[in-house]
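Note that the protein sequences, when read in sequence, are chains A and B.
In terms of the working numbering, the first sequence has 104 at position 104, counting the first letter as 1, and numbering is strictly consecutive.
In terms of the working numbering, the second sequence has 12 at position 12, counting the first letter as 1, and numbering is strictly consecutive.
Bear in mind the hints are in silico, worked out from the structure with no lab data behind them.
Here the structure is a predicted model, which is why all the values come from computation and not from measurement.
Heads up, some of the hints might be wrong.
Claimed, not checked - In silico SDA-like cross-links for lysine to any residue, where the CA-CA straight-line distance does not exceed 20 Å:
id, chain 1, residue 1, chain 2, residue 2
1, A, K134, B, I52
2, A, K131, B, G47
3, A, K131, B, R40
4, A, K134, B, R46
5, A, K134, B, T44
6, A, K134, B, L36
7, A, K131, B, R46
8, A, K131, A, R116
9, A, K134, B, R33
10, A, K134, B, R40
11, A, K6, A, G68
12, A, K6, A, D82
13, A, K131, B, T44
14, A, K134, B, V50
15, A, K131, B, V50
16, A, K134, B, V42
17, A, K134, B, S51
18, A, K134, B, E48
19, A, K131, B, R45
20, A, K134, B, Y43
21, B, K22, B, A57
22, A, K134, B, G49
23, A, K134, B, R45
The residues making up each chain are set out below.
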Amino acid sequence: MSTDLKEALFAYTLRLGDSSLVLGHRLSEWCGHAPELEEDIALTNVALDLVGHARMLLTYAGELEGKGRDEDRLAYRRDVFDYRNHLLVEQPNRDFGHTIVRQFLHDAWAVELYGRLCASRDETLAGIAAKAVKEVRYHVRHSGDWLVRLGDGTEVSHAKVADALGRLWPYTGEMFERDEAEQALVAAGIVPDPAELKAAWTARVEAVLEEATLDRPADGWMQKGGRRGEHSEHLGYLLAEMQFLPRAYPDANW
Amino acid sequence: MDRKDWPLFEIFIRPKNGLSHKHVGSLHAADARMALDNARDVYTRRGEGVSIWAVPASSIAASDPSEKASLFDPADDKIYRHPTFYDIPADVKNI
Numbered sequence: 001m002s003t004d005l006k007e008a009l010f011a012y013t014l015r016l017g018d019s020s021l022v023l024g025h026r027l028s029e030w031c032g033h034a035p036e037l038e039e040d041i042a043l044t045n046v047a048l049d050l051v052g053h054a055r056m057l058l059t060y061a062g063e064l065e066g067k068g069r070d071e072d073r074l075a076y077r078r079d080v081f082d083y084r085n086h087l088l089v090e091q092p093n094r095d096f097g098h099t100i101v102r103q104f105l106h107d108a109w110a111v112e113l114y115g116r117l118c119a120s121r122d123e124t125l126a127g128i129a130a131k132a133v134k135e136v137r138y139h140v141r142h143s144g145d146w147l148v149r150l151g152d153g154t155e156v157s158h159a160k161v162a163d164a165l166g167r168l169w170p171y172t173g174e175m176f177e178r179d180e181a182e183q184a185l186v187a188a189g190i191v192p193d194p195a196e197l198k199a200a201w202t203a204r205v206e207a208v209l210e211e212a213t214l215d216r217p218a219d220g221w222m223q224k225g226g227r228r229g230e231h232s233e234h235l236g237y238l239l240a241e242m243q244f245l246p247r248a249y250p251d252a253n254w
Numbered sequence: 001m002d003r004k005d006w007p008l009f010e011i012f013i014r015p016k017n018g019l020s021h022k023h024v025g026s027l028h029a030a031d032a033r034m035a036l037d038n039a040r041d042v043y044t045r046r047g048e049g050v051s052i053w054a055v056p057a058s059s060i061a062a063s064d065p066s067e068k069a070s071l072f073d074p075a076d077d078k079i080y081r082h083p084t085f086y087d088i089p090a091d092v093k094n095i
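Please put together the full structure from these sequences, using the hints given.
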């Protein structure tokens with residue numbers, strides 16, 4: 001693999017790994033607070049799956065970078081401006097409906113992405129995707145079912161998810177952004193074309209929104225910046241909590 | 001949604017092919033599909049099973065504990081109902 005391509009793939013896997021890690025942490029914040037005991041376990045299960053994906057992706061990113069950074073180093077020793085996750089996943093939890101909308105918008109993207117990454121020319125990435133896609137298929141079923149239940153539920157539940165959908169929609173454009181580096185990866189058959197991904201994501205999201213009796217928000221101005229490390233204020237607080245222990249006790253073992 | 005609206009489901013898991021489903025516990029869910037999802041998350045996280053049954057607890061007819069004596073005690077002294085008087089060939093594993 002050429003150096004340019006390797007750098008591009010490092011940026012790509014880092015972005016994926018960061019998004020999984022941040023969303024996994026956000027979901028873990030529900031532990032002990034979900035509306036039902038069973039749902040508490042379900043959400044933390046999904047959180048653990050996502051942290052598992054992050055571990056594989058960040059480990060691979062560290063290998064591609066070749067500077068000796070392992071998964072922990074990447075997860076715990078980078079500050080906000082070095083994180084490359086989508087802004088969508090760092091948005092705070094608010095209420096349960098908001099969490100479900102955020103999760104579904106992400107899951108619908110992840111399931112289409114990993115499904116295609118299974119056919120990547122990069123064997124390691126294809127292997128990671130093959131493992132992740134099974135879990136993500138369950139995630140999208142879980143969040144999609146809940147979205148239908150809440151959207152097509154009571155007046156209150158409908159109003160809450162409709163509000164969340166309006167708030168979060170402007171963060172969905174970022175998942176399909178592309179730059180030159182990514183374009184090279186597409187050309188090399190390593191990652192799927194964002195345009196194709198967007199079409200598949202849109203079809204999936206629209207079908208569920210219709211069943212949930214929710215209107216698809218118009219594509220207006222889209223938030224961006226995650227790719228360049230320009231984040232909302234929320235990510236700093238999340239990292240402060242997530243990184244506290246390794247920062248306070250570097251290289252501790254237990 | 002109020003908790004009182006969520007019915008109780010009894011969950012049965014089959015640990016592997018060839019064995020039968022075993023009762024593992026119960027949980028609350030709004031409908032059958034959610035009961036299966038919840039059962040998957042609550043009871044199969046450590047590779048416990050290959051198949052789940054979720055049964056509304058209200059559909060289960062249970063014997064009355066106060067009738068225990070008349071229902072079960074008569075079986076105690078009828079040892080001829082146990083197949084203990086046969087020689088089992090060594091190759092037969094599950095009996």
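The hints, checked one at a time:
no. : hint            : result
1   : A/K134 x B/I52  : 18 Å, holds
2   : A/K131 x B/G47  : 16 Å, holds
3   : A/K131 x B/R40  : 18 Å, holds
4   : A/K134 x B/R46  : 16 Å, holds
5   : A/K134 x B/T44  : 15 Å, holds
6   : A/K134 x B/L36  : 17 Å, holds
7   : A/K131 x B/R46  : 17 Å, holds
8   : A/K131 x A/R116 : 13 Å, holds
9   : A/K134 x B/R33  : 19 Å, holds
10  : A/K134 x B/R40  : 14 Å, holds
11  : A/K6 x A/G68    : 15 Å, holds
12  : A/K6 x A/D82    : 18 Å, holds
13  : A/K131 x B/T44  : 18 Å, holds
14  : A/K134 x B/V50  : 15 Å, holds
15  : A/K131 x B/V50  : 18 Å, holds
16  : A/K134 x B/V42  : 18 Å, holds
17  : A/K134 x B/S51  : 17 Å, holds
18  : A/K134 x B/E48  : 17 Å, holds
19  : A/K131 x B/R45  : 16 Å, holds
20  : A/K134 x B/Y43  : 18 Å, holds
21  : B/K22 x B/A57   : 15 Å, holds
22  : A/K134 x B/G49  : 16 Å, holds
23  : A/K134 x B/R45  : 14 Å, holds
The structure shown violates none of the earlier numbered hints.
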